[in-house]
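Novice: Sequence:
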Amino acid sequence: MDYLKKYLDSHGKREMVEVIDQYRQEFLPLVVPITLLRHHLNRHPVPEWVKQQTYLNPYPRELMLRTHV
168 MDYLKKYLDS HGKREMVEVI DQYRQEFLPL VVPITLLRHH LNRHPVPEWV KQQTYLNPYP
228 RELMLRTHV
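Per the numbering used here, the very first residue in the sequence shown carries number 168; after that it's consecutive.
Read the hints as simulated data drawn from the structure, not as lab findings. Careful, some of the hints might be misleading.
[As the list claims (entries may be wrong)] Computed list of lysine to aspartate or glutamate pairs in EDC-like fashion (alpha-carbon distance at most 20 Å, straight line):
hint, residue 1, residue 2
1, K172, E185
2, K172, E182
3, K172, E215
4, K172, E229
5, K172, D188
6, K180, D169
7, K173, E215
8, K173, E185
Quick caveat, the model's predicted, so the values are computed rather than measured.
Sequences and hints are given; from them, build the entire structure.
Specialist: Here you go:
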């Protein structure tokens with residue numbers, strides 16, 4: 168979150184910390200904090216190499232979580 172802290176307001180920071188905490192407590196799947204982090208990275212000017220980190224895309228597309236309705 169280091170690259171984002173200067174761009175996020177207090178609400179955005181609080182939301183990010185809460186989502187990460189809920190993941191740590193196993194209330195949310197990993198895809199939730201990763202998706203929120205990617206959302207913020209795409210909205211703000213951060214170095215491209217930050218957006219390309221393996222952690223942000225840990226699985227091949229075929230293995231990603233899917234919900235079928």
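Novice: Hint by hint, note whether the structure agrees.
Specialist: Hint by hint, here is what the structure shows:
1. In summary, the hint linking K172 to E185 is supported, as the alpha carbons are separated by about 15 Å, within the 20 Å threshold.
2. Simply put, K172 and E182 have alpha-carbon atoms about 12 Å apart, close enough for the 20 Å limit, and the pair holds.
3. Between K172 and E215 the alpha-carbon distance is near 17 Å, which keeps this suggested pair within the 20 Å criterion.
4. Using a Cα cut-off of 20 Å, the hinted pair K172 and E229 is violated, with the two alpha carbons roughly 32 Å apart.
5. For the proposed pair K172 and D188, the alpha carbon gap of about 17 Å is at most 20 Å, so the pair holds.
6. Among the hinted pairs, K180 with D169 is consistent with the structure: their alpha-carbon atoms are about 11 Å apart, no more than 20 Å.
7. For the proposed pair K173 and E215, the alpha carbon gap of about 17 Å is at most 20 Å, so the pair holds.
8. About 18 Å separates the Cα atoms of K173 and E185, which keeps this hinted pair within 20 Å; it holds.
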